[in-house]
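When you get a sec, could you build the whole thing from the sequences and use the hints?
Number of protein chains: 2
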Amino acid sequence: MNNKRQSMTATEALERIADKSMSGSEYLASCFDRIHQREGKVQAWESLADTQGGLPGGGLLQNIPVGIKDIYDTRDFPTSWGTGYIRSDRSVSDASPVALLKNAGAFVMGKTVSTEFAYFSPGKTRNPYDLDRTPGGSSSGSAAAVADGMVPIALGTQTAGSITRPASYCNVIGFKPTYGLISRAGIRPFSETLDTVGYFARSVNDIALVHAALTYQPHAPLTRLDLAGLKIGVLRVPADGDLDQDVEAALGRTCQRLSAEGAEITSSLSHARELDRLVELQTLVMAFESSRCLADIYFQHVDDMSDKLREILERGFAITLDEYCGALQEAKRLQHSVATLFTEVDLLLSPSSVNVAPLASGISTGDPLYSRAWTLLGLPTISLPIESGHQGMPVGMQFIAPRYRDSVLLKYSHELLSRLETYPGTLDE
Amino acid sequence: MNNKRQSMTATEALERIADKSMSGSEYLASCFDRIHQREGKVQAWESLADTQGGLPGGGLLQNIPVGIKDIYDTRDFPTSWGTGYIRSDRSVSDASPVALLKNAGAFVMGKTVSTEFAYFSPGKTRNPYDLDRTPGGSSSGSAAAVADGMVPIALGTQTAGSITRPASYCNVIGFKPTYGLISRAGIRPFSETLDTVGYFARSVNDIALVHAALTYQPHAPLTRLDLAGLKIGVLRVPADGDLDQDVEAALGRTCQRLSAEGAEITSSLSHARELDRLVELQTLVMAFESSRCLADIYFQHVDDMSDKLREILERGFAITLDEYCGALQEAKRLQHSVATLFTEVDLLLSPSSVNVAPLASGISTGDPLYSRAWTLLGLPTISLPIESGHQGMPVGMQFIAPRYRDSVLLKYSHELLSRLETYPGTLDE
Numbered sequence: 001m002n003n004k005r006q007s008m009t010a011t012e013a014l015e016r017i018a019d020k021s022m023s024g025s026e027y028l029a030s031c032f033d034r035i036h037q038r039e040g041k042v043q044a045w046e047s048l049a050d051t052q053g054g055l056p057g058g059g060l061l062q063n064i065p066v067g068i069k070d071i072y073d074t075r076d077f078p079t080s081w082g083t084g085y086i087r088s089d090r091s092v093s094d095a096s097p098v099a100l101l102k103n104a105g106a107f108v109m110g111k112t113v114s115t116e117f118a119y120f121s122p123g124k125t126r127n128p129y130d131l132d133r134t135p136g137g138s139s140s141g142s143a144a145a146v147a148d149g150m151v152p153i154a155l156g157t158q159t160a161g162s163i164t165r166p167a168s169y170c171n172v173i174g175f176k177p178t179y180g181l182i183s184r185a186g187i188r189p190f191s192e193t194l195d196t197v198g199y200f201a202r203s204v205n206d207i208a209l210v211h212a213a214l215t216y217q218p219h220a221p222l223t224r225l226d227l228a229g230l231k232i233g234v235l236r237v238p239a240d241g242d243l244d245q246d247v248e249a250a251l252g253r254t255c256q257r258l259s260a261e262g263a264e265i266t267s268s269l270s271h272a273r274e275l276d277r278l279v280e281l282q283t284l285v286m287a288f289e290s291s292r293c294l295a296d297i298y299f300q301h302v303d304d305m306s307d308k309l310r311e312i313l314e315r316g317f318a319i320t321l322d323e324y325c326g327a328l329q330e331a332k333r334l335q336h337s338v339a340t341l342f343t344e345v346d347l348l349l350s351p352s353s354v355n356v357a358p359l360a361s362g363i364s365t366g367d368p369l370y371s372r373a374w375t376l377l378g379l380p381t382i383s384l385p386i387e388s389g390h391q392g393m394p395v396g397m398q399f400i401a402p403r404y405r406d407s408v409l410l411k412y413s414h415e416l417l418s419r420l421e422t423y424p425g426t427l428d429e
Numbered sequence: 430m431n432n433k434r435q436s437m438t439a440t441e442a443l444e445r446i447a448d449k450s451m452s453g454s455e456y457l458a459s460c461f462d463r464i465h466q467r468e469g470k471v472q473a474w475e476s477l478a479d480t481q482g483g484l485p486g487g488g489l490l491q492n493i494p495v496g497i498k499d500i501y502d503t504r505d506f507p508t509s510w511g512t513g514y515i516r517s518d519r520s521v522s523d524a525s526p527v528a529l530l531k532n533a534g535a536f537v538m539g540k541t542v543s544t545e546f547a548y549f550s551p552g553k554t555r556n557p558y559d560l561d562r563t564p565g566g567s568s569s570g571s572a573a574a575v576a577d578g579m580v581p582i583a584l585g586t587q588t589a590g591s592i593t594r595p596a597s598y599c600n601v602i603g604f605k606p607t608y609g610l611i612s613r614a615g616i617r618p619f620s621e622t623l624d625t626v627g628y629f630a631r632s633v634n635d636i637a638l639v640h641a642a643l644t645y646q647p648h649a650p651l652t653r654l655d656l657a658g659l660k661i662g663v664l665r666v667p668a669d670g671d672l673d674q675d676v677e678a679a680l681g682r683t684c685q686r687l688s689a690e691g692a693e694i695t696s697s698l699s700h701a702r703e704l705d706r707l708v709e710l711q712t713l714v715m716a717f718e719s720s721r722c723l724a725d726i727y728f729q730h731v732d733d734m735s736d737k738l739r740e741i742l743e744r745g746f747a748i749t750l751d752e753y754c755g756a757l758q759e760a761k762r763l764q765h766s767v768a769t770l771f772t773e774v775d776l777l778l779s780p781s782s783v784n785v786a787p788l789a790s791g792i793s794t795g796d797p798l799y800s801r802a803w804t805l806l807g808l809p810t811i812s813l814p815i816e817s818g819h820q821g822m823p824v825g826m827q828f829i830a831p832r833y834r835d836s837v838l839l840k841y842s843h844e845l846l847s848r849l850e851t852y853p854g855t856l857d858e
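Residue numbers (this note's numbering), protein chains in the order written: chain G, 1 to 429; chain S, 430 to 858.
Think of the hints as simulated: they come from the structure by calculation, not from any bench. Glycine is no exception: its CB is placed at the ideal position from the N, C-alpha and C atoms. Wrong hints could be hidden among the right ones.
Chain G is faced by these chain S residues, among others (derived, beta-carbon under 8 Å) [said to hold, decoys possible]:
id	residue
1	Phe461
2	Leu529
3	Tyr608
4	Gly609
5	Arg617
6	His648
7	Gly691
8	Gln729
9	Arg739
10	Thr749
What follows is a set of in silico ranges between Cβ atoms, one per label pair, in the way DEER data are often shown [as the list claims (entries may be wrong)]:
id	chain 1	residue 1	chain 2	residue 2	range
11	S	Gln764	G	Val408	20 to 26 Å
12	S	Arg762	G	Val302	42 to 48 Å
13	S	Arg702	G	Asp276	53 to 59 Å
14	S	Arg848	G	Glu323	29 to 35 Å
15	S	Phe746	G	Gly40	48 to 54 Å
Printed below as a string of C-alpha cells:
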C-alpha cells in the first residue's frame, strides 16, 4: 500500500484525494517517508520543507508535492545554484514557475540538486536505477527525485540537454516546451537564447497539468489520438555523432513498435544533413552567452569554480560579437529548413541520449549531443521512458514537434505511452 | 570650470584624465557636487555611493561614474524596483551589465529611480529642463541624471519605450541595441520577448564605449561616414497615431536638415502600412508576459500595487496561450516585411515621442507609442537630441537600423550629431 503510494502519479493521487480514498496529508506524508527512506542513497535534495500537513484550497495541483531545481529563486528556501561558493538567502519573491505552481495548490517539497550553475560539473545525486551511475544533468535532483518516487513532479531547465538527458537516464518523462512559453523570471540565466523551463513526471497527464498551471490556462484532460498514419521522421543531429550500439538498437526497436501501431516511419528527410551545423552553433551561442550571463560570477569566483565552468566562460569571452551575431543569423536560416522538414512529417524521433547513464565520474553527467539542435531551434521536445540498453539500464526516446505545437506533442505522447510498453525498470534499493 | 566639468562627457573626462589636466578623483568629486547641488530638485536617485575617491586600474571606463536603474541587482546597493512595497538587500552578485561596467573600471554612483517595476506608475524624478514636467519613464532617473550632468552615463531598460521616450524628453542620447546583444542576467524581467538593456549619454562616443564594455569587445573610436546618399525612410508606426503638431513640425525640420546634408529622404515605403499591427501585437505580448513574469508579485502584492500595474497584469492573465502564440507568429511574419523595407533604405526615422515632456501628473510618464513596434521587432534604435517643440522643450528624433547593425547605427549617429545643430537647451535651475 505504502509502496503503491510512492509511485503514484499526481493524476492518480488527485483522483484518490477527490474520491476520499486518501487524504492530501496522507499523500504528502508518504512522499516524505519515501524521501527519508532513500535520500541517503539518492541524494536528490539541497533542502527540504519541514511541514508535512495538507494544504487548504482547491487548485489544479492541490496537495501535490513538487521538487524545484536549485537555480530557481524561492521565498521559502535558500538557493546555491549547485555551487559551494555562492549562496543566497530566501528571495523576496518566488521565481514565476514556482509562484504559478503554488497558485495551483502545489506544495514545494524542496530544492533539488543542480550541477554547478546548471552546466556540467556534477552534484551529489545518484541514479536511482543504479546508484553507481550518474542521473544525468544539469537537472539531476529533479529527475532522480521523480524517478525514485519521492515526488510525482519536478521542475528543471534545459540549455543544452538538461531535461532530455536526465529523463533518459532516469526512466522518467522529460518535457521541454517551446522556447519562451514559460516565464524564466527568477531563474538565474546561463544563456538567454537557450534556457528553457522543463518538467519531469511519470505520466503525460501530469506533464499536461503542470503545463496548464505554468501557462495559467485551464487543464483539458488529454484526448486520444489515432497513431495510424502518424508520420514520424527519424533524425539524429548530428547525423554521424557517436551513438552507443545498444541505444541504436533501442531506436530500431522503437521504430518497429511505432510501425506496428500504424505510424509511418521515414528516415530520408530533405535538408536533414544541413542541420548538423546546429550543434556547433548551439555550442558557440551557449559559450558566448554564458560568459556574459555569469560575468560577475567569473570576476568574483574564477578561483572557486570548476575547470569545466571556467573553460566555457573563457571560451565565451574570446568569441567576438560578429561571430556570435553570425551564429544567430545562421540558426535563424536553419529554422526555415526545419519548417520545410515539418511539411513532410508530423513529429521527429531521435534518441534522447547517446548512451545509457554512465558511471558517476565526478566530472561529467553525460553528453547532451542529441538535444543541442532542438534547444537552439526552440522546438518542444519530450523524452519518453520506453527503452533500455546496456546492462538493462533505461534509455529514453525523444519526440520533437514544430514550435507552438506543444499540446499536440503531449497528446501524441499520451497515446504513445498508453500503446507502447514502457521500460519496466527496477530501482536500485 | 566646475560647471564645465559637470557637463563633461565620459570621453572628454577620459581625455583630460589621460593628459593629467584633471584627476579621476577630481572628476568623481565634481559629479558628486552636482548631485548634492541638484538632487533635491531633480530627484533622480534611489541610493548613492558614499565613496568619493578615485579608483585604481586602467579599463575603458576607468573612473567614469555611472547610474544604474533600480531594477538591476547590485552587490553594493539594495533594489526596490520602483516600489514602496518590496525591497531586496544587496544581491549576492551584480547584474551582468553592472559587472561588465565595473570590470571596465566604471564607478557605480548609485541606483536611479525607475517607475514601478519599469511599467507606467511614476517615481519621484522630475525633468531637469522643466521641474514641473515628467522626465519620461520607465528609466526616469537614469535619463534625468545624465541630462542634468550628474553622471555622463546611465543604464536603463526598454520594454515599450522606456529608453527612447525619456531620452527624448530629457535631451540626451538614448540607445537601445539589438534585442539580445546585452545580457539581462540580474535584471528583473517584465517581458522576456521585449526587455532590452539600453544606455543614456551625452555623446555617441560615450554610447560606443558602454557598448564595447557591455559586449566585452575592444572599443574602436567612431570613424566618420559620409551622409551624402544615405537613404532614410520616414516612418511612423502607427501611421495615424496621435502626434502633437510641434513634434510633427520638428520632424519636418529634421528631414530638411538631413536633405541639406545630402541624405535622401523618402516617406513612401512599401509594406509600411502593415506594420501598424505591430503596436497591438507588442501591447498583447507585453501584457501576457508581464502577468507571468510578475506572477508572484501579483499573488503577494495585488493590494499594494498601482491600478495601472494591476490592470496590465489582470489583462495579461486573461489572454489565452493561443492568442499569445498567434501574436508571436504574426510578429515574426512582419519581421520579413521590415527586412524588405530595409532593402529600400539604410535607416528609418521616426519621432522619439508623440509630444514633448508633459506636466508631471503622478499617474503617467507619457506615451511609448512610437517605440512599441521597434521593441517588438528587436531592432537597434537611437534617440538623438536634435529638436525642440512646445514651450521650447526638447524632443528627440529616433533612428532605426536593421538587426545587428548596431555599429553602423552608432557611426551614422556620430556623424549626424557632429553635423546637425543640437537642441541648445537650458536646464531649469
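Against the structure, the hints come out as follows:
1. Phe461: Violated, about 25 Å.
2. Leu529: holds (5 Å)
3. Tyr608: violated (10 Å)
4. Gly609: holds (7 Å)
5. Arg617: This interface hint holds because 7 Å falls under the 8 Å limit.
6. His648: violated (12 Å)
7. Gly691: violated (29 Å)
8. Gln729: Status holds, d = 7 Å.
9. Arg739: Constraint on arginine 739 of chain S not satisfied, violated at 16 Å.
10. Thr749: holds (7 Å)
11. S:Gln764 / G:Val408: 20 to 26 Å: holds (25 Å)
12. S:Arg762 / G:Val302: 42 to 48 Å: Cβ of arginine 762 of chain S to Cβ of valine 302 of chain G: about 44 Å, so the range 42 to 48 Å holds.
13. S:Arg702 / G:Asp276: 53 to 59 Å: Hint violated: Cβ distance 41 Å, outside 53 to 59 Å.
14. S:Arg848 / G:Glu323: 29 to 35 Å: For glutamate 323 of chain G against arginine 848 of chain S, whose Cβ atoms are near 33 Å apart, the range 29 to 35 Å holds.
15. S:Phe746 / G:Gly40: 48 to 54 Å: violated (43 Å)
Violated hints, in rising order: 1, 3, 6, 7, 9, 13 and 15; the structure is consistent with all others.
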